[in-house]
Amino acid sequence: MRREPPRTIADYTPLAFPAIMLIIFFVVPFSTMIAVSFFRRQQGGFYTPDFVIDNYGRFLSAFFGGVLGFSLMLAIMVAVICVAIAFPFTYLLTKTSRRVQIVWLVCLLSVLSLSEVIIGFAWSTLFSRTAGITNLLVAAGLMSEPQALLPGFGAVLTGMVYQALPYTILVLYPALVRLDPTLLEAARTLGASPLRGFINIIVPALRNTIVATLIMVFVFALGSYLLPQILGRPRHWTLSVLITDQAIYQSNMPFAAAMAVFLVLISLALVGLTLLVGGRREATA
Amino acid sequence: MKELHKTGVSRRKVLAAGMAGVGMLAMPSILRAQDRSLKVGVYGGYFKDSFDENIFPEFTKATGIAVESVAEPTGEAWLVQLEQAARAGQAPADLSMMSQTTTLKGQETELWTPLDPARIGNYDDLLEPFIAKYPDGLVAGIGAVAWYITLVSNTDVYPEAPDSWAALWDPANEDKLGLLALVSNSFLLEVTAKTFMGGTDALDTEEGQLKAFEKLAEVKPNVRLWYRDEAQFEQALKSGEIPMGQYYHDVTGLAAADGFPVRSTFPKEGGIQDSGNWVLSRASDKVEEAHIFIDYMSRPEIQSLMSRKVGTAPTLKRDKLDLTDKEFAAVSSEIDPIVPRYDLYTSKSDWLNQKWTEMIVG
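One line per chain: the protein sequences are A and B, in this order.
The working numbering puts the first sequence at residues 7 to 291.
The working numbering puts the second sequence at residues 454 to 815.
Treat the hints with care, since some could be wrong.
Taking beta-carbon pairs under 8 Å as the criterion, some of the chain A residues facing chain B (in silico) [stated by the list, open to error]:
| id | residue |
| --- | --- |
| 1 | Arg-46 |
| 2 | Phe-52 |
| 3 | Val-73 |
| 4 | Ser-134 |
| 5 | Thr-136 |
| 6 | Ala-137 |
| 7 | Asn-141 |
| 8 | Ile-236 |
| 9 | Pro-240 |
| 10 | Trp-243 |
| 11 | Leu-248 |
| 12 | Ser-257 |
| 13 | Asn-258 |
Since the hints were derived computationally from the structure, they do not count as laboratory data.
Every residue, glycine too, gets a C-beta built ideally from N, C-alpha and C.
Required output: the full structure, derived from the provided sequences and hints.
Here it is, written out as structure tokens:
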């Protein structure tokens with residue numbers, strides 16, 4: 007089947023519906039946000055339409071730079087850990103029987119039904135001194151007394167990885183299931199060990215999928231604002247937490263919008279950079 | 454008329470129904486009694502449950518106005534929602550209970566319909582801090598309830614009750630405190646000023662505010678949790694996970710009554726007194742009902758009822774109430790309270806917020 011390039015306007019009509027949806031649900035809200043980010047803040051009140059750059063000026067400081075840096079670092083770590091766990095897991099999952107796969111996938115989907123709040127509070131209980139998992143270790147004689155594992159960076163990271171992992175697996179699953187098994191068989195007959203075959207054949211073959219998944223988890227983790235509050239100390243609060251503070255608690259919409267626009271631009275730039283680097287490597291390879 | 458015959462409804466019945474309809478219109482009071490309703494926003498959770506159970510049914514019985522209670526999130530978030538809705542001509546709640554800071558913020562955009570003091574019977578008996586006024590003297594809000602934020606502790610971990618806010622600074626309490634996360638709801642600057650700087654007047658100048666920030670920063674190593682969500686701290690306090698902090702006197706008293714090992718102490722510097730006003734959204738057309746409601750809520754017997762059932766401090770003068778000394782002590786204290794500097798949170802809110810965030814995050 008050959009694809010004809012569209013010639014008349016009528017050929018473009020199937021695009022109309024997604025285009026309208028994109029305009030309604032992305033272009034309009036995002037443009038509103040950009041507009042608001044230039045509005046003038048009325049202290050103690052709300053905002054008035056205007057064109058000022060104060061909101062961006064306030065953001066450009068070492069303090070917010072540090073928070074932004076931490077948020078990006080956290081999101082990147084979550085993405086890398088998630089893919090590092092999910093990729094081998096999903097690969098092994100595709101090797102199991104259909105029945106086992108279905109059970110696993112249903113369980114993963116049910117984890118998705120948990121809200122961020124439930125995940126946060128569940129982990130805060132699990133990590134607590136009074137009711138947490140360290141009590142089990144004490145009972146098993148591995149620890150002398152129960153300890154609180156939160157608040158801390160490890161707790162935030164665990165919570166966020168837990169939340170993002172099902173998405174990661176579900177994104178990787180279709181690609182891994184469709185992977186041609188003869189690739190690995192060929193490697194094995196040429197004498198590669200299963201591990202070597204996995205690392206040298208499977209991973210490179212799915213490099214684009216892995217990059218796409220990393221980007222998706224990164225963007226997903228960047229928006230997290232509840233888990234850092236519940237499981238972390240203030241220095242583990244992401245930029246999203248501060249945006250929420252400004253928007254909800256300080257009713258400073260212009261500043262919140264400016265921070266959000268900045269966050270979107272930075273993450274778009276990072277995604278672009280990743281694709282650029284990936285694309286160039288592909289060209290030289 | 455053909456259709457009428459077809460449906461089998463006799464002309465007599467139609468006439469009778471018509472007569473009844475005219476009768477209803479002629480007696481608007483009956484119609485109104487059925488229609489009259491008011492959407493009232495109160496803080497979700499314990500507050501709303503207590504009001505739904507103890508206060509609103511009494512009001513409906515007394516006035517015939519049905520109350521639909523709306524759970525509101527912490528004041529600031531609700532203010533944003535009300536403001537956005539009012540811009541679209543909507544009122545998610547007619548009346549809302551609003552903290553002092555948010556009442557002031559709403560005044561800046563004239564979000565509140567001015568109230569008429571003449572229609573509130575006990576207006577003259579209200580304590581002075583509980584009447585919020587626009588700069589031109591119009592009444593923006595009337596005190597609904599008052600509450601205290603006090604020093605709370607877990608009785609298993611602290612057999613002796615702490616007696617001063619200075620306990621927050623005690624190095625022995627490292628990593629044991631839960632404090633509110635926002636400058637405008639924790640009022641810790643005022644606590645610092647009252648405890649170490651001779652009173653909240655010390656916050657008049659920027660120099661004084663910076664000094665208070667500096668002193669307050671010393672508390673950071675002791676803080677385990679800066680909470681936005683009350684449930685987060687309440688659980689941890691009950692279990693002893695986070696055994697000390699600042700929290701609401703009324704809710705802590707109830708938890709103690711339920712058998713949890715917690716206590717609320719009025720420190721010698723005083724508890725933090727905060728209060729909620731009834732404010733009417735400008736998008737609401739239930740002005741009449743709102744006044745009836747506020748009038749009812751400001752009656753001495755209702756204020757006493759709220760103190761007994763909800764655990765809030767009354768907004769009326771003490772001598773107008775029939776509370777016993779013991780009942781009064783359960784909801785309030787004779788110790789001079791720390792009254793928040795609400796003025797600062799409107800005039801310098803962004804600066805204070807920035808300094809505060811830098812202090813706790815940095």
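Quick rundown of the hints versus the structure:
no.	hint	result
1	Arg-46	violated (12 Å)
2	Phe-52	holds (5 Å)
3	Val-73	holds (7 Å)
4	Ser-134	holds (5 Å)
5	Thr-136	holds (4 Å)
6	Ala-137	holds (7 Å)
7	Asn-141	violated (12 Å)
8	Ile-236	holds (7 Å)
9	Pro-240	holds (4 Å)
10	Trp-243	holds (6 Å)
11	Leu-248	holds (7 Å)
12	Ser-257	holds (5 Å)
13	Asn-258	holds (7 Å)
Violated hints for the displayed structure, listed by number in ascending order: 1 and 7.
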